[in-house]
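**Q** Here is how the chains run, residue by residue.
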Amino acid sequence: MRKTTRKFLAVTAGVASVALLATACSGDEDPGDATSGGATGDSSKPITLTVATFNNFGYTDELLAEYKKTHPNVTVKQTVAAKSEDARTNLTTKLAAGGAGLADVEAIEIDWLPELVQSGDKFLDLNSDEVKDRWLEFKTKPATTADGKLIGYGTDVGPEAICYRSDLFKAAGLPTDRAEVAELLGGENATWDDYFKVGKTFADKSDSAWFDSAGAIYQALINQQEFAYENADGSVVPLADNTTAQEAYNTVTSDEVQALSAHLGQWSEDWTAAFQKDGFATMLCPAWMTGPIEQNSGGITGWDVADVFPGGGGNWGGSYLTVPAAGANAEAAKELAAWLTSPEIQIKAFENAGTFPSQTEALQDPALTGAKNAFFNDAPVGEIFGNRYAAIKVTPFKGPNYFSVHTTVTDAITKVDVEQSADAQTAWQGALDAFGALGL
Amino acid sequence: MPVKSPVAPEDELDPLPPKTRRVGFSQTLSRWDVKVSPYLYISPFFILFLITGLFPILYTGYVSVHQWQMLQGQGDFVGFKNFTDVFGQPDFWKSLRNTFSIFLLSSIPQVIAAILIAALLDQNLRAKTFWRMGVLLPYVVAPVAVGLIFGRLFADQSGLINSWLTAIGLPAVQWHVSPLASHFAIATMVNFRWTGYNALIFLAAMQAVPRELYEAAIIDGAGRVRQFFSVTIPQIRATVIFIVITSTIGGLQIFDEPRVFDSTGQGGASRQWLTMTLYLYNTGWSGQYNLGRAAAIAWLLFLLILAIGMVNFFVTQRIATGSGAPSKREIKAAKQRYDAQRKSA
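Residue numbers (the working numbering), protein chains in the order written: chain A, 1 to 440; chain B, 1001 to 1345.
Note that these hints are calculated values from the structure, not bench results. Computed from a predicted model, the values in this text were never measured in an experiment. Do not take every clue at face value.
[What the hints assert, rightly or not] Computed Cβ-Cβ distance ranges for the label pairs, DEER-style:
#	chain 1	residue 1	chain 2	residue 2	range
1	B	1113	A	101	36 to 46 Å
2	A	438	B	1079	20 to 30 Å
3	B	1145	A	291	19 to 29 Å
[Unchecked claim] Negatives, chain B to chain A, calculated, CB over 12 Å:
#	residue
4	1146
5	1166
6	1210
7	1311
[As the list claims (entries may be wrong)] So the derived list for chain B, only partly shown, Cβ under 8 Å to chain A, looks like this:
#	residue
8	1073
9	1156
10	1270
We treat Cβ as the ideally placed atom computed from N, Cα and C, and that holds for glycine.
The following block holds chain A by itself, in its conformation from the complex (with noise of 0.2 Å):
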């Protein structure tokens, strides 16, 4: 009997002590855990960001380890995905699953926006009078949500211009001059039809043909076009109705401009290789694209940019950084998110990377405007696309049935352009039954 009474106390004793413990743990935690989490961020309770990103953001160990002069509690790790499908894939998916799991801030393309807007409550609202004017209204535009709400902040921005070969204009008797190229495709006014007339001066002289891909050149007139696929409401125009997107295919698969065309998939096997063959003249380049054209020229010389782009201006491409509302830390999220869209940031994640920064303080920078590329002819980048980032005038309006309307069109174009497998008429008349076949 001794014997249990005294075993009774001592587990007693054991369990009080121990819910003591706990209480007087949450005691302490609470008001941490709200520090942290608070509006401030300032805590001095040590915590750890999580930063995901995908192919090659400019974010270094060393940049990311900065952030820790101003905030000595936070930690910033980064994971990156090979792939943006990737990372795409993990996004949506752990969304979907209620968010566990995710970065504390969370990379995204342009590209995802339409979806993303959709679910703008899984995000935190970015607003803020800091961040007020820091981008040009195309860039955050596709990130607001209906009620107005913004879910991404820019990094950086593809302004489109004409990258060409120096060497193959001079082989078939044009000017090789980035200044004097830039006139001869129209200068401040330049049309696609001055583009493609001149690429019919080169296409008789030459054997190489003058740009790489239609899809391209579509995707370029489509970015041209506030309302490609939809209405503003976001009602889907039928494809057979889309007199917009039926131009823009006329005019790639038409004779004339097929005559010019390498006829290839960009990224695919071919168009890697079609590289090192002298396979085509120009290209339409955003400032990113820059980097690839590198790596698959290896040993070609003669690259440069034109600061010019048909039909005004083009933005292709380009990401934000979002922030998950599941997060535990969200609102010191945010103030790192901030931190790494800032001016300085995008500047060295630009020295870093070649990202072209979105915000329009950073554009003034020198260290953006003196910026020069040696590999395409130490052609000032920083400067051109510079100009052309100020061109952009349209922001396309991408809801959430854009892309697989896209698809159907970019599909067709591929049979024409790519493949020949099937003639311009036939190949419309099939994204016409892809259409009808989504049921939107």
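Place chain B on chain A using the hints.
**A** Then chain B, alone, in the frame of chain A:
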């Protein structure tokens, strides 16, 4: 129990009556041991299967009868609408055709080549382990790496294979344009990876064939070929069935190779090489984000694999019994002959 002493202290007496019970219980235990233990030993797999296999299958069925978007989550109950929607999409029928075509182009040559390679490896070779490990090497290469390598080989304009073809005066093949050519290219990647793996399983089975059978066959005057068909094949019957069924399942689920066959992963501009799993993935995870419809495709694929698996099983068993034990028909015929002889005698 004559030694039991009535003066013994209570403590020592107490256990006695339970003692008889304990014997009874341990007998029960040992009876249970014989009856239950085997099931307990194999249960971890089945418990795991229930959690990671059966539950997802049933849950997929639940998803397939609902409207279900990736990010918006569960919607209304729609019955079999997702299934009828899938049947209404031309891409589904294309994917079915492509899956079958690639499956036949890969599985059949694969199994035949694997048996032949295994038969060669079963001979008296020097450096046996070297050769045996050698056939397994392609299996070690990651599928995506295989995709990259073969992507270069099968490129339409700059590919090595087309350079060879044109060098010997043949026309270049448009590997990414014609459906059959693309199926052939993809099947080649699959065969590259799996033939050696299957060959090793066949080899393991062949090693277990009693050598006396070969000795007897040799005494009977059977050559190598006859030995192969009359001894080896019938003896490894169970393994043939196993390989045919596993490669059927693998072949119908093919995903990696068609996914990396071009840069977009959509299965080609006309969906020439869109397979069912790729169609499932594109429906659920890229573009449409329609998990309800993807779940419906998953169930259709599941039923299809079940059906083909059954057909396979019966066909292989029939072929195999033909050369192994006498079939019912053969026994019946023998009986009739015997009766006829008795009658005539």
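**Q** Now look at each hint and say whether the structure bears it out.
**A** Hint-by-hint comparison with the structure:
no. : hint                        : in the structure
1   : B/1113 to A/101: 36 to 46 Å : 43 Å, holds
2   : A/438 to B/1079: 20 to 30 Å : 21 Å, holds
3   : B/1145 to A/291: 19 to 29 Å : 23 Å, holds
4   : 1146                        : 14 Å, holds
5   : 1166                        : 15 Å, holds
6   : 1210                        : 51 Å, holds
7   : 1311                        : 30 Å, holds
8   : 1073                        : 7 Å, holds
9   : 1156                        : 6 Å, holds
10  : 1270                        : 6 Å, holds
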